[in-house]
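Participant: One letter stands for each residue in the lines below.
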Amino acid sequence: MSVNYFPAEFEVLRNTDKCIKCRACERQCANEVHFYDADFDKMLTHDDQCVDCQRCVTICPTGALKIHKNPNEFRQNYNYTQQIMTENYRQAGTGAVLLSSMGNPLPYPVYWDKILINASQVTNPSIDPLREPMETKVFLGKKPNKMSFNEDGSVNTKLDPHLELSVPIMFSAMSYGSISKNAHESLARAATELGTYYNTGEGGLHKDFYQYGPNTIVQVASGRFGVFKDYLETGAAIEIKMGQGAKPGIGGHLPGAKIREDVSKTRMIPMGTDAISPAPHHDIYSIEDLRQLIYSLKEATEYKKPIIVKIAAVHNVAAIASGIARSGADIIAIDGFRGGTGAAPTRIRDNVGIPIELALASVDQRLRDEGIRNNVSVVVAGSIRSASDAVKAIALGADAIYIATPALLAMGCHLCRSCHGGKCNWGIATQRPDLVKRLNPDVAYKRLVNLVHAWDHEIKEMMGGMGINSIEALRGNRLMLRGIGLTDRELKILGIAHAGE
Amino acid sequence: MLEKEGQVRIPSGCAISGFISRDGNMISGEDAVKSISYMHDRSNGLGGGFAGYGIYPEYKDLYALHVFYDTNASREQTERFLDRHFDVVNLSRIPTRKHPNITNEPLIWRYFVTPLPTKMASSQLPEKEFVAKCVIRINNDINGAYVFSSGKNMGVFKAVGFPEDVGEFYRLEEYEGYAWTVHGRYPTNTPGWWGGAHPFSLLDYTIVHNGEISSYDANRRFIEMFGYKCTLLTDTEVITYIIDYLNRRQNLSLEDVASIIAAPFWSEIDRMEPEKAEKLRYFRNVFSSLLITGPFSIILGYNGGLMALNDRLKLRSMVVAEKGDMFYISSEECAIRAICPDAENIRSPRGGEPVIVTLSEEGKRKCL
Ligand code: SF4
Ligand code: SF4
Chain A
1 MSVNYFPAEF
11 EVLRNTDKCI
21 KCRACERQCA
31 NEVHFYDADF
41 DKMLTHDDQC
51 VDCQRCVTIC
61 PTGALKIHKN
71 PNEFRQNYNY
81 TQQIMTENYR
91 QAGTGAVLLS
101 SMGNPLPYPV
111 YWDKILINAS
121 QVTNPSIDPL
131 REPMETKVFL
141 GKKPNKMSFN
151 EDGSVNTKLD
161 PHLELSVPIM
171 FSAMSYGSIS
181 KNAHESLARA
191 ATELGTYYNT
201 GEGGLHKDFY
211 QYGPNTIVQV
221 ASGRFGVFKD
231 YLETGAAIEI
241 KMGQGAKPGI
251 GGHLPGAKIR
261 EDVSKTRMIP
271 MGTDAISPAP
281 HHDIYSIEDL
291 RQLIYSLKEA
301 TEYKKPIIVK
311 IAAVHNVAAI
321 ASGIARSGAD
331 IIAIDGFRGG
341 TGAAPTRIRD
351 NVGIPIELAL
361 ASVDQRLRDE
371 GIRNNVSVVV
381 AGSIRSASDA
391 VKAIALGADA
401 IYIATPALLA
411 MGCHLCRSCH
421 GGKCNWGIAT
431 QRPDLVKRLN
441 PDVAYKRLVN
451 LVHAWDHEIK
461 EMMGGMGINS
471 IEALRGNRLM
481 LRGIGLTDRE
491 LKILGIAHAG
501 E
Chain B
1 MLEKEGQVRI
11 PSGCAISGFI
21 SRDGNMISGE
31 DAVKSISYMH
41 DRSNGLGGGF
51 AGYGIYPEYK
61 DLYALHVFYD
71 TNASREQTER
81 FLDRHFDVVN
91 LSRIPTRKHP
101 NITNEPLIWR
111 YFVTPLPTKM
121 ASSQLPEKEF
131 VAKCVIRINN
141 DINGAYVFSS
151 GKNMGVFKAV
161 GFPEDVGEFY
171 RLEEYEGYAW
181 TVHGRYPTNT
191 PGWWGGAHPF
201 SLLDYTIVHN
211 GEISSYDANR
221 RFIEMFGYKC
231 TLLTDTEVIT
241 YIIDYLNRRQ
251 NLSLEDVASI
261 IAAPFWSEID
271 RMEPEKAEKL
281 RYFRNVFSSL
291 LITGPFSIIL
301 GYNGGLMALN
311 DRLKLRSMVV
321 AEKGDMFYIS
331 SEECAIRAIC
341 PDAENIRSPR
351 GGEPVIVTLS
361 EEGKRKCL
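Protein chains in written order, with this note's numbering: chain A, 1 to 501; chain B, 1 to 368.
Derived from the structure by calculation, the hints contain no laboratory data.
One should not assume that every hint holds.
[Unchecked claim] Per the computed footprint, the stretches of chain B lying under chain A, defined by three or more beta-carbons under 8 Å from a beta-carbon of chain A, are:
1. 121 to 127
2. 195 to 203
3. 215 to 221
4. 262 to 275
Beta carbons: idealized from backbone N, C-alpha and C, even for Gly.
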């Protein structure tokens, strides 16, 4: 066996007093960490294959298992950390770009955690959501700037196409291929029951899911996988994916191993070939090209569907958003640098892009300064982790939010960040039939519905505390926010005052 | 140091009152003073004011600008600006009397003006828009000058003090109008700035308001996209701009305006007949950022009428009553009884239900 140069990242601890050698962990672990040694009548482990997905810990009937970080330490070095050293060993072994999945885990500032929410006292009553109506319905789309009237003087109520959400939360793009069919089904059914939308991602739409079309956003990405007439017509809205927060500026790559029969049909590519999304759309090299694509899609769908343009939060995001707002898009989705992914080069995921909080604040302000905020709705993604993050995002100016990681958590994901390996023990980020069947859509969709309901209750609770009984009065209401421990510069970008002011 | 209104947002509670003679009979400002004095405890002496309609019949086609100046220098600068943009037909100090409870008064001037046709033509703006822009410019750009009234045949009078003292200070018994509104303020701290007292006005729209809206910044950041500047950071200011935007600039009726700012709940809309529901759904979608939440009761005054409106949960008191051609609106019934002991049809309008009272045909003939 060749020398690895670095130790296992995790260590499996098995309490042999508790273990009954049922071998459930062995059967459940797609990474083949656990095995039974008949000679010694003992359960043993390959620690180096463990990704800490917690599947065995959860499944073990006697609670005999614990996974912990391998306490073995390289010599302390604040510059060359153990992680950086390990990555270099790994690359020296493979000669390859490092791959990662899920969101950026590094300790960058999380602005959500440095923003506090207001509540009413004395001068203005709080409102009890259990006793009074509390509204979280949202419309997404272009609003007219000038009223028009019919011949008889009544208001002309014709509008550009809109999406109607009963909660300001949607499931953001995750392609069939990067996640399993059961995961997709769970998202589609949950979105339908919740009166919101899920997003196909760039992998096309499986024929079994056309029935959920009214609650589906279909994506058109640079690879154009699975894009054809029926696909466009089935969705409630079309999203043009220009970028993704986890990997701004680069495309995607789904390895041929994941392109099994159904995925190949849905993506409309041969089985076993790698599905490569180019970095740019090869027909979009500037904003005027984007305009052409937007209008081609509108023409193709007879102007009946709103067009979303999704971009990654990069340094000049405000100017880009302003360009998009003038190019015919109905909705802009902005994805922050902590957003998740099924696979991305580690260096890109961990170093490219900016936090969604700052991107959102500057985009919303820029669009208002230019008087074009009405041209588009703004949806934000890229690590909105809880109902309070959602409230803060809406108060900063978002019309609605996209969630993906919390949706995966609801389905069992433990953020082991190994999706790119395709062996997700929770049946989510995998196409292996034996693993996929672990995810029961009947259970998972219910858990998704529960999650969003719970967030919605919490959002209402916080709104009531502020004396606000409709979500639109929260949108852009930055007076309801205060910063804590932020510099003047950060406060200025966020457009909020400091706590105590 | 305490910050001035506009540098800081100050929550306040308040008393409001108003009445109109539908037949256009002239009523002395004294009645407005008397009415508000019965709600003394709803103010705390930190702001009071009045708006009178039909008070300048001799100049009824001219815009009456009431201006506060901190210094003579700011007055001179403003007058130069006015001369460049308007034909100034008459100017004078607004007559006041010394009052022991009213101190620190600024210079208070009044101008009757009409826009210069050449200036207006080159601005390519309709007349009202031109005047509104000029007012906003003076208030933003000229240090120490503040136009606090700018409509035709109407005027706002306000100061730091209890409203009844403010009325005596401005000698309101010398004015007669077909409609009056009045405001007593209960701010939670004291900037002591006269411009911050209410009513707030733009052109002939005036607002007196009791409440503290929770949607403030959402409303402000939206309306500022359309050329308004919320410099005072008060609810009244943003509500006035919203009404100006919807009623004057978008040509929506006051009923429609009310159904936007105090929109019915979705559950109510769903129960309405389809045509009405469709319109309200459209409004809630298109003007979602103009929904006002949190407690408010307002009286909007404009040339020819008054509108009373409560927030949709009715978190602030407001009653209305009638007697003959008179119509009364007030935070409390006592303020109506004070000037009309045998008022009839006293009722408390529902949350979000606008009560709009306009001059009768006879009243219009007499006053407009
Ligand atoms: S699942 Fe638990 S009890 Fe069963 S073999 Fe594994 S560690 Fe032992
Ligand atoms: S989806 Fe599966 S593989 Fe990906 S992080 Fe979650 S548990 Fe791990």
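Participant: Going through the numbered hints above, which ones does this structure break? Give me the numbers in ascending order.
Facilitator: 1, 2
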